[in-house]
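Asks: Read off the chains here:
2 protein chains.
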Amino acid sequence: MLPQRHSPDAATRELVVGPCRVTMQGAANPMEDAAAERRKATFSSDELAAFLHDGADKLQRREELVQLLSSQPWSDKTHRYFLTREQEYVGGLQAAVGIWKTMRGQKLSIEDGIALRSLAYFPGGLELHIGMFIPTILSQGTPEQQAKWMPLCNRLQVIGTYAQTELGHGTFVRGLQTVAVYDERAKEFVVHSPSLESTKWWPGGLGKTATHVVLMARLFVKDKDYGPHAFIVQVRDLETHQPMPGVTVGDIGPKMGFNGVDNGFLSLDHVRIPRDSMLMRYAQVTEEGQYIPPPPDNQKAAYATMVYVRATIVRDSGDFLSRAVTIATRYAAVRRQTAPKLGEPELQVLDYDNVQQTLMPLLSRAYALVFMGRSMMDMYNSFDAARARGDFAVLPELHALSSGLKALSTDIAAAGIETARRQCGGHGYMLASGLPTLFNSYVQNCTWEGDNSVMYLQTARYMVKNVLAVQLGRSVGGSAAYLAEAAKQTGAKCAVGRAEDWTNPANQLAALTAVAASLAVQATKVLARASGGQPVFEGEPWNGSSVDLIRAARAHVALYLHKNFVDCVEAAAGQRKLTAPTTAALRQLVSLHGVALLLEAAGDLLESGYATGRQAGWLREAQRSLVRGVRPNALALVDSFAYPDYQLNSALGRKDGNVYQALLDSARISPLNATQEGPAWKPVLEPLLNPQIRSRL
Amino acid sequence: MLPQRHSPDAATRELVVGPCRVTMQGAANPMEDAAAERRKATFSSDELAAFLHDGADKLQRREELVQLLSSQPWSDKTHRYFLTREQEYVGGLQAAVGIWKTMRGQKLSIEDGIALRSLAYFPGGLELHIGMFIPTILSQGTPEQQAKWMPLCNRLQVIGTYAQTELGHGTFVRGLQTVAVYDERAKEFVVHSPSLESTKWWPGGLGKTATHVVLMARLFVKDKDYGPHAFIVQVRDLETHQPMPGVTVGDIGPKMGFNGVDNGFLSLDHVRIPRDSMLMRYAQVTEEGQYIPPPPDNQKAAYATMVYVRATIVRDSGDFLSRAVTIATRYAAVRRQTAPKLGEPELQVLDYDNVQQTLMPLLSRAYALVFMGRSMMDMYNSFDAARARGDFAVLPELHALSSGLKALSTDIAAAGIETARRQCGGHGYMLASGLPTLFNSYVQNCTWEGDNSVMYLQTARYMVKNVLAVQLGRSVGGSAAYLAEAAKQTGAKCAVGRAEDWTNPANQLAALTAVAASLAVQATKVLARASGGQPVFEGEPWNGSSVDLIRAARAHVALYLHKNFVDCVEAAAGQRKLTAPTTAALRQLVSLHGVALLLEAAGDLLESGYATGRQAGWLREAQRSLVRGVRPNALALVDSFAYPDYQLNSALGRKDGNVYQALLDSARISPLNATQEGPAWKPVLEPLLNPQIRSRL
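Heads up: the sequence lines are chains A and B, in that order.
Residue numbering for the first sequence follows this note's numbering, starting at 51 and increasing by one per position.
Residue numbering for the second sequence follows this note's numbering, starting at 51 and increasing by one per position.
Rather than coming from a laboratory, the hints here were simulated on the basis of the structure.
One should not assume that every hint holds.
A pair holds if it fits inside one copy or across any two, identical chains being indistinguishable in the list.
Said to hold, decoys possible - BS3-like mimics (lysine-lysine), calculated; alpha carbons at most 25 Å apart, straight line:
{"id": "1", "residue 1": "K274", "residue 2": "K391"}
{"id": "2", "residue 1": "K575", "residue 2": "K538"}
{"id": "3", "residue 1": "K705", "residue 2": "K127"}
{"id": "4", "residue 1": "K391", "residue 2": "K272"}
{"id": "5", "residue 1": "K151", "residue 2": "K732"}
{"id": "6", "residue 1": "K90", "residue 2": "K198"}
{"id": "7", "residue 1": "K272", "residue 2": "K237"}
{"id": "8", "residue 1": "K515", "residue 2": "K538"}
{"id": "9", "residue 1": "K515", "residue 2": "K350"}
{"id": "10", "residue 1": "K127", "residue 2": "K732"}
{"id": "11", "residue 1": "K613", "residue 2": "K627"}
{"id": "12", "residue 1": "K538", "residue 2": "K627"}
{"id": "13", "residue 1": "K151", "residue 2": "K108"}
{"id": "14", "residue 1": "K515", "residue 2": "K613"}
{"id": "15", "residue 1": "K391", "residue 2": "K350"}
Between the sequences and the hints, there should be enough to build the whole structure, so can you do that?
Replies: Pasting the structure below:
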């Protein structure tokens, strides 16, 4: 892409010197802008980064891992945005295998491996081998089955995935159509797909990678239906990778994102598998065809798995949103638009009020989600420890929380990534900005592992039960404890007397609690009315109340999200893990988060009668002043997420601010620029444009 | 993708018969569901479709054009979702050239040509040749310039684009850095890019297609800066397609969508162009170097162009959203999820309350935008007729309206397409659903042709001026006329006494008007306070008030959007263009639209003191009952948009409901399925998985 050579003469050069001096007046210097912006911070982003990453040594280790990845061809990101679907698929596998080999070769820890996967971020055909196939064998396989399969899995001598969803059946697992029928004579199962709609659809890695699947199929023994059970089924030959007899398997085609992953389909035509293909740690089928049901706790174990998956989704929401906010904030700090007077510097986009009022609340949301993700994983881990002692007491609470938080956190992150992208203007539409890929790969979180509406409704069920318990005078605990307090204080009014009062954490929590409690009570009333008396948790009464139920669940988890943010920051301050300036910067962000949540809930605040119109109006004033307070720390706060440039892979999100050079560098290597004339010249354009060729036609 | 052959024996087949009969109980039949759904309609979708498309003959003609396209290789859509970037670029050009040749060969009308482009929908390298290069020459070229360029343009002997935006400069056109300096001795201009940031960036078709550009550059004559002017610059050789001397040009790289278009960059190194390259219909530079300024109306003409572009964006918003809603509604009608009891049919997803309450309001929004787009184009056309008589009277009003409506309609459509996509669950993530491509190609409308915040602020300026005029006792007209009425009725209260009252159009309009008027007055107050007295329309006062200003502008155009919907339906009813059942169905949709808008504005309704919490609560009840009313007409209402399957290109949006077969058919031809073993077998997987090869390593 070098210019065609030519040598303008001295007079021509001289001619434009004066005019160019004029048009270059007030020209921006993005790198200087970035540096100047950082000098405004009131706290040390190194300190906060170390706190958020559990110590400076962890950050240091991550730098080393970035170095390691930078030197490997399979983790090079220079061409990542230019790949065809096939290249993306092959590249994703090469990266996964590269990391696997590096870990074995250098004897790296699991923690390092997780960090390498996160830094390289190249989802591919092994995701479900690692994320579902191995965990299912570990949790549902007998010791013998584990002994057989785990070495093969760990050495990548088999690659597995998890096949549950069918083309026509999602959420309703009990209604799967695929059957596994026990043949007592042969001591085998016959697995079979009876219809087009029963084709397994979506399993990651199934398309072209996996050799085996955990198949969820309805188990029949002696013509009796025992419901869905898990079976290991080989789908491809190990020597040729051709499908096994009776197996139809392939890739489902391209998606909005995540195209390195070969999500697949699978149809089985009377395929025989040995009896020990069934994972029998809990339920069993004996040789003679006797069905031994699982112990009752098995159901709880299934819930525990769901809670774990949802907890990781909550954690990822903070991860993705914080990346998007990092990119958008850094670019807004160096991008300039519109000068007050011609010849003066254009204004920094971050100084536009509507940009600040969008990006700073979004930054507070990213922090809230990051802290929520950490707490969620902590909660899961302490539950897991209790479970090992047979203690499942917190499971219902954890299930209700993780469901609603899965929905809320993915709603916030998906909308937030797109908001961040739009704040970058036209350039945010380029893949080189990093934001489209972030959005397109993230957004599936809103629909997978349970559609968000279904998730909210699970939390709503828990809320309604707690409201009913309070009404019956029973004690309620956990995250719903505030319902008991609220029931005693019906008709409580907001005490805010001026805009500044809204920055007070106690006032914020009181208002968020009042909203959540009133919506929970109201949803319970709506459900009771629809049920014609005592609330019914299914059928038309439940269905017809879902808008109110979802609204109540959302308010509950929003309150929880904010409360957790407050608690985490105050705990760190109390334990002196942060210096005073850093604590102050975080408290400002917490306060902004509370106000932003309340602004969103203004209609509810007012409808419940808790606040007046005047008080609600003060929320905007409060937000304005909080945003102005956070503004000088904008870059330091995103720097504290500590994403290496390598990880963000964003021309606009570069830490040094050299964004325009990065965009141009990225464009120059675009495959369409491989030749000057481009791929359409010969077949399409030359016959039209070349006068000689055209005249011959 | 045929299964590996094998022949299960009779006993094996027999074994699974009973179990499959069990799991197939209650199995769905999507095509029957679609047909049954259509029988529920209370009106004729054929009638409404004909009305929306200006007559049944127009629809018939469109069918013929679909037939024409179906038989051409360049308009085949079977593989559209599988293309690499390069294939998409070449394909987009082939389609455009194919349509051009067909139009010439068959002597088709411009109207047919527009329909063909819309049906084939394959944006490519000619978009800006048609949409900007030609129109700019027609509007700004002298008769001689038009005589020279237009035949070349129409015969595709040159291909042009429009180069204004620079890498580091967008909205602030006066601040462009590219210069065009007049050399009096040579009677030529020297055009030059003085910096990295002055590289032209984004012009569609510039990357690899265009031979010429309209270049916007700062004109200097005798060292005096005359601001941005338009010049025609040749950038590529017609015989070789190589860049001209001093020209660096290329593709900017892949984007979130629209990748058939080769958006490009351009840098000029002291390039000499003849004097008559400047488009001189208005401003002129004489041979001797005398600058003749344009007549004052020139500025108005520039506004008129902006209005036109924004009007087309408003029209497109209805087009895109109605496609997305068509797909989501049709799929929701045939998709089933969760049976009340095992063995019974699962419920139609459209019967879930939260799905209905999402999709039916979205459907009403699509209709509102479709009618708004039609009205907007009508308004533009009558302005254009007046302009020909030198009458620019309605321009300020039209500019204010089209700005805010551009922002509101693109906000609604972008969010709505994504909402529709998520309502399709996991399958909406597949490109075969049609929705990801719709979203990814649409969403740039929110940031191009003026960022939406900037657009709202232009409407806000108009609103504040009208509020001030009312306060000074002056009369105000047009879309802001209600401000005068509202000023007389401060403290007016909502008259709604029960949920049903909210379905009354008069009550809806009164409430939407009250909200818009109160927010306009409030924003004016905020601006006045920030200005320290009389409102200042720039600088820090304006900037610091932008959140309130945007809020007011949004409420104003939302009111206008709804009022237009009401007026269009009532006009059609009054002129007896629709039968009573169709009018009734549309009125229900209008009513739902009003309630949905008010629900969104509930916080504002309450904060202003216009409505009470109880009244606001009734909005949800009203919405619920309206949604139930619209529900039976859901399919008929989307059928009335009359998108042929060819145009939607969606497995989930097929009119016949045969969605699962369509998904599977689409997957089978995915390029990743070209071989059974896939592209990663040889390079990555075989060395791991094949025991023999592995043992050799």
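Asks: Hints first: check each against the structure and report whether it holds.
Replies: Here is what the structure says about each hint:
For the homomeric pair K274 and K391, the shortest alpha-carbon distance between copies (17 Å) is at most 25 Å, but the shortest distance inside one copy (82 Å) is not. Taking the shortest alpha-carbon separations for K575 and K538, only the intra-copy value of 17 Å comes in at or below 25 Å, while the best inter-copy value is 41 Å. With identical chains, the CA atoms of K705 and K127 are at most 25 Å apart within one copy only, with a shortest distance of 17 Å there and 42 Å across copies. For the identical chains of this complex, K391 and K272 are inter-copy neighbours only, at 23 Å across copies versus 86 Å inside a copy, given an alpha-carbon limit of 25 Å.
Only between protomers do K151 and K732 lie at most 25 Å apart by alpha-carbon distance; the minimum there is 18 Å, versus 44 Å within a single protomer. For a Cα distance limit of 25 Å, the shortest separation of K90 from K198 qualifies neither inside one copy, at 60 Å, nor across copies, at 57 Å. Proximity of K272 and K237 under a CA criterion of 25 Å is satisfied intra-copy only: 13 Å inside one chain copy versus 97 Å between copies. When the C-alpha separation of K515 and K538 is checked against a cutoff of 25 Å, the pair qualifies only within one copy, where the shortest distance is 18 Å, while the shortest distance between copies is 50 Å.
In this assembly of identical chains, the alpha carbons of K515 and K350 lie at most 25 Å apart only when taken from the same copy (19 Å versus 64 Å across copies). Taking the shortest Cα distances, K127 and K732 sit within 25 Å of each other only across copies (23 Å), while inside one copy they are farther apart (31 Å). Taking the shortest alpha-carbon separations for K613 and K627, only the intra-copy value of 19 Å comes in at or below 25 Å, while the best inter-copy value is 57 Å. Taking identical chains as interchangeable, the C-alpha atoms of K538 and K627 are never at most 25 Å apart, the minima being 38 Å within one chain and 60 Å between chains.
Taking the shortest alpha-carbon separations for K151 and K108, only the intra-copy value of 22 Å comes in at or below 25 Å, while the best inter-copy value is 63 Å. In this assembly of identical chains, the alpha carbons of K515 and K613 lie at most 25 Å apart only when taken from the same copy (22 Å versus 44 Å across copies). In this homomeric assembly, K391 and K350 come within 25 Å of each other (Cα to Cα) only across copies, at 22 Å, whereas the closest approach inside a single copy is 67 Å.
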